[in-house]
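Enquirer: Heads up: the protein sequence lines correspond to chains A and B, in order. Everything in the first sequence is counted per the working numbering, starting at 1 for the first residue and increasing by one. Everything in the second sequence is counted per the working numbering, starting at 1 for the first residue and increasing by one.
Be a bit skeptical, because a hint or two may be false.
Which copy? The list can't say, so a pair holds if one copy fits it or any two copies do.
To be verified - Here are the simulated BS3-like pairs of lysine-lysine, each with C-alpha atoms no more than 30 angstroms apart in a straight line: (1) 124 with 259; (2) 289 with 67; (3) 259 with 296; (4) 261 with 289; (5) 232 with 124; (6) 125 with 12; (7) 313 with 267; (8) 13 with 296; (9) 13 with 37; (10) 261 with 125; (11) 37 with 296; (12) 313 with 124; (13) 124 with 296; (14) 313 with 245; (15) 267 with 125; (16) 124 with 267; (17) 232 with 296.
Just so you know, the hints here were simulated from the structure itself, not pulled from any lab data.
There are 2 protein chains.
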Amino acid sequence: MIDELLQDLYEKKKKSISRAISLVESRSELAENILIKISDRIGNAYRIGITGPPGSGKSTITNQLTKLFLRHNLSVGIVAVDPTSPFTGGAVLGDRIRMSDIGLNENVFIRSLATRGSLGGLSKKAVDAADILDAAGYDIIIFETVGVGQSELDIARASDSTLVVLVPESGDSIQAMKAGLMEIADLFVLNKSDRPGANSAVTAIRSILQLKDISDGMWVPEIIQTVAVENKGIEEIFHFVEKHKSYLTSTGELEKNRKVKLAFRIKEIVSDSLVIELWDDERREILSKSLNEIIKGLSSPYIAAANIINNYKMNKTQEL
Amino acid sequence: MIDELLQDLYEKKKKSISRAISLVESRSELAENILIKISDRIGNAYRIGITGPPGSGKSTITNQLTKLFLRHNLSVGIVAVDPTSPFTGGAVLGDRIRMSDIGLNENVFIRSLATRGSLGGLSKKAVDAADILDAAGYDIIIFETVGVGQSELDIARASDSTLVVLVPESGDSIQAMKAGLMEIADLFVLNKSDRPGANSAVTAIRSILQLKDISDGMWVPEIIQTVAVENKGIEEIFHFVEKHKSYLTSTGELEKNRKVKLAFRIKEIVSDSLVIELWDDERREILSKSLNEIIKGLSSPYIAAANIINNYKMNKTQEL
Numbered sequence: 001m002i003d004e005l006l007q008d009l010y011e012k013k014k015k016s017i018s019r020a021i022s023l024v025e026s027r028s029e030l031a032e033n034i035l036i037k038i039s040d041r042i043g044n045a046y047r048i049g050i051t052g053p054p055g056s057g058k059s060t061i062t063n064q065l066t067k068l069f070l071r072h073n074l075s076v077g078i079v080a081v082d083p084t085s086p087f088t089g090g091a092v093l094g095d096r097i098r099m100s101d102i103g104l105n106e107n108v109f110i111r112s113l114a115t116r117g118s119l120g121g122l123s124k125k126a127v128d129a130a131d132i133l134d135a136a137g138y139d140i141i142i143f144e145t146v147g148v149g150q151s152e153l154d155i156a157r158a159s160d161s162t163l164v165v166l167v168p169e170s171g172d173s174i175q176a177m178k179a180g181l182m183e184i185a186d187l188f189v190l191n192k193s194d195r196p197g198a199n200s201a202v203t204a205i206r207s208i209l210q211l212k213d214i215s216d217g218m219w220v221p222e223i224i225q226t227v228a229v230e231n232k233g234i235e236e237i238f239h240f241v242e243k244h245k246s247y248l249t250s251t252g253e254l255e256k257n258r259k260v261k262l263a264f265r266i267k268e269i270v271s272d273s274l275v276i277e278l279w280d281d282e283r284r285e286i287l288s289k290s291l292n293e294i295i296k297g298l299s300s301p302y303i304a305a306a307n308i309i310n311n312y313k314m315n316k317t318q319e320l
Numbered sequence: 001m002i003d004e005l006l007q008d009l010y011e012k013k014k015k016s017i018s019r020a021i022s023l024v025e026s027r028s029e030l031a032e033n034i035l036i037k038i039s040d041r042i043g044n045a046y047r048i049g050i051t052g053p054p055g056s057g058k059s060t061i062t063n064q065l066t067k068l069f070l071r072h073n074l075s076v077g078i079v080a081v082d083p084t085s086p087f088t089g090g091a092v093l094g095d096r097i098r099m100s101d102i103g104l105n106e107n108v109f110i111r112s113l114a115t116r117g118s119l120g121g122l123s124k125k126a127v128d129a130a131d132i133l134d135a136a137g138y139d140i141i142i143f144e145t146v147g148v149g150q151s152e153l154d155i156a157r158a159s160d161s162t163l164v165v166l167v168p169e170s171g172d173s174i175q176a177m178k179a180g181l182m183e184i185a186d187l188f189v190l191n192k193s194d195r196p197g198a199n200s201a202v203t204a205i206r207s208i209l210q211l212k213d214i215s216d217g218m219w220v221p222e223i224i225q226t227v228a229v230e231n232k233g234i235e236e237i238f239h240f241v242e243k244h245k246s247y248l249t250s251t252g253e254l255e256k257n258r259k260v261k262l263a264f265r266i267k268e269i270v271s272d273s274l275v276i277e278l279w280d281d282e283r284r285e286i287l288s289k290s291l292n293e294i295i296k297g298l299s300s301p302y303i304a305a306a307n308i309i310n311n312y313k314m315n316k317t318q319e320l
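Produce the entire structure from the sequences given, and follow the hints as far as they go.
Expert: Below is the structure:
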């Protein structure tokens, strides 16, 4: 069944791609098998991460940029990562509707991944989905994510080029960048640049950039001003991607970065597998007993953790 | 040596408290020993998390609120968690200086924890530091963190009451709250409420709150407007904390929540220990070889992860 699915996937049949991603999303047992089988077809797609605060126009930019890629005969897979809370969910729906004009194009595949209850694991699923799109033969993969937490860092780790989208009102966000976004951006897109405050926002970004310690030959993050709804500045983003890609390729950074990111991903898979295996009924029971003891001051989280690990190791030994 | 340190710590000697936290911060081997020894003295402090975007006035609120606690004969330990990037670091320094008037008080202990290179592990260290302050006998522990990522969720998990501080300009942040902050807030503090837009910000918060599914008897997050630099609204926060604490205590939620949070913390310690043990030279070597194979399309992250886990288990078996 998997072989048939993969056959259709390699022929870029949307139904099969969609099904493969659903299997990954639902953590089906088949998923790992699929991901292993497609491994020799991965690595051709160029991966772009687009992140930024809500309302900054990421979807419009993704939309316009995709049209430009299509015009250059490049197919595009879009993975929208939406760490929306379960009870306020649906923010992404509007974005998807806006995108429907490109979504119908046979060279575009759009998939939205939303958290259901937990923030964890979403970026892992997004990378798996990107691998499936890569294997299916899409030239460009765009990760689109709302910059509200760990998710943008994870997406940057999965991207070759990372675009951080801001708007003139993003005072808070520009401040907050000091604490993380700064390191991940290859390009700052100041969208809605026809609004008041655009120039001072550019100055603010530039002054923070000056604090960055850039050694010789290192990529210096650029700033592009756009008005995405009027399609202004999108061409510049396209050229930026071309330039950044050729920089990464010629310097060997592309492969180097991908290795670093791959190592990170393998470590994540290792941790997840161990954790899933460890927390069986027996260890849950030890945890639950320990909680009562700790509350009474009779034990400590570190003692409880040591007991649980020892129990896990003992059982492993008996199994083998 | 540890026993002497703990002796002084229980007498609330600042030098010993400071040293104990430093040992935790540097991941000294003594740290775990200390944390185990103090376990029967933990659980008396009431823990408050204060989070929000940069520039929202968290430090001023912490400062003023601390003065109020002192006036009610309650001692206060403050753990400032600053996930500032290493190269733009120092944002917190200004805050600390502002706080120096309370820092000199013998019933106040302030400690700032900053990331050095990595965001991971910081919240774990913050909770360990809080445990030390708890064991030293501080009545109130305040976690202060910049709301720029995973850290505010982690801090909420470590707090009995979580305050989210916003300002009228926090349009982005209020939007972003849909994606996470909403679930963690027991109280919204709209600081700088003398600025234009305060009323519409309150309306925005309220409308998002209405989306929250609040069942019978559940705590309904409140909104308090403050002008912290003029000490306006701080008394209301103080009374809120009293009210929330007595609600949590009388309903049994306090112990229930602490158990949930403790379970989360133990799981984190378990994962961290396993991961540290697993990544020895041998497994790093397997990882490094796998990377080259994957890049060539000869392997997959999932196969590499499985090989690494198997190697770990084999070695464990030989050891035992």
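Enquirer: Decide, hint by hint, whether the structure agrees.
Expert: Quick rundown of the hints versus the structure:
1. Taking CA atoms no more than 30 angstroms apart as the test, residue 124 paired with residue 259 passes in both settings, with 16 angstroms inside one copy and 29 angstroms between copies.
2. In this assembly of identical chains, residue 289 and residue 67 lie within 30 angstroms of each other by CA distance neither inside one copy nor across copies; the values are 58 angstroms within and 40 angstroms between.
3. In the homo-oligomer, the alpha carbons of residue 259 and residue 296 lie at most 30 angstroms apart only across protomers (11 angstroms), although the nearest pairing inside one protomer, at 48 angstroms, exceeds that limit.
4. Proximity of residue 261 to residue 289 under the C-alpha cut-off of 30 angstroms is restricted to the inter-copy arrangement: shortest distance 15 angstroms between copies versus 39 angstroms within a copy.
5. In this assembly of identical chains, residue 232 and residue 124 lie within 30 angstroms of each other by CA distance neither inside one copy nor across copies; the values are 33 angstroms within and 45 angstroms between.
6. Taking CA atoms no more than 30 angstroms apart as the test, residue 125 paired with residue 12 passes inside one copy only; the shortest distance there is 20 angstroms, against 48 angstroms between copies.
7. Proximity of residue 313 to residue 267 under the C-alpha cut-off of 30 angstroms is found in both arrangements, the shortest distances being 20 angstroms within a copy and 16 angstroms between copies.
8. In this assembly of identical chains, the alpha carbons of residue 13 and residue 296 lie at most 30 angstroms apart only when taken from different copies (26 angstroms versus 59 angstroms within one copy).
9. Only within a single protomer do residue 13 and residue 37 lie at most 30 angstroms apart by alpha-carbon distance; the minimum there is 17 angstroms, versus 61 angstroms between protomers.
10. In this assembly of identical chains, the alpha carbons of residue 261 and residue 125 lie at most 30 angstroms apart whether taken from the same copy (15 angstroms) or from different copies (26 angstroms).
11. In this assembly of identical chains, residue 37 and residue 296 lie within 30 angstroms of each other by CA distance solely across copies; the values are 14 angstroms between and 51 angstroms within a copy.
12. Taking the shortest Cα distances, residue 313 and residue 124 sit within 30 angstroms of each other both inside one copy (27 angstroms) and across copies (24 angstroms).
13. Taking the shortest Cα distances, residue 124 and residue 296 sit within 30 angstroms of each other only across copies (21 angstroms), while inside one copy they are farther apart (38 angstroms).
14. For the identical chains of this complex, residue 313 and residue 245 are neighbours neither inside a copy (46 angstroms) nor across copies (41 angstroms), given an alpha-carbon limit of 30 angstroms.
15. In this assembly of identical chains, residue 267 and residue 125 lie within 30 angstroms of each other by CA distance both inside one copy and across copies; the values are 15 angstroms within and 22 angstroms between.
16. In this homomeric assembly, residue 124 and residue 267 come within 30 angstroms of each other (Cα to Cα) both inside a single copy, at 11 angstroms, and across copies, at 20 angstroms.
17. Neither within a single protomer nor between protomers do residue 232 and residue 296 lie at most 30 angstroms apart by alpha-carbon distance, with minima of 64 angstroms and 40 angstroms respectively.
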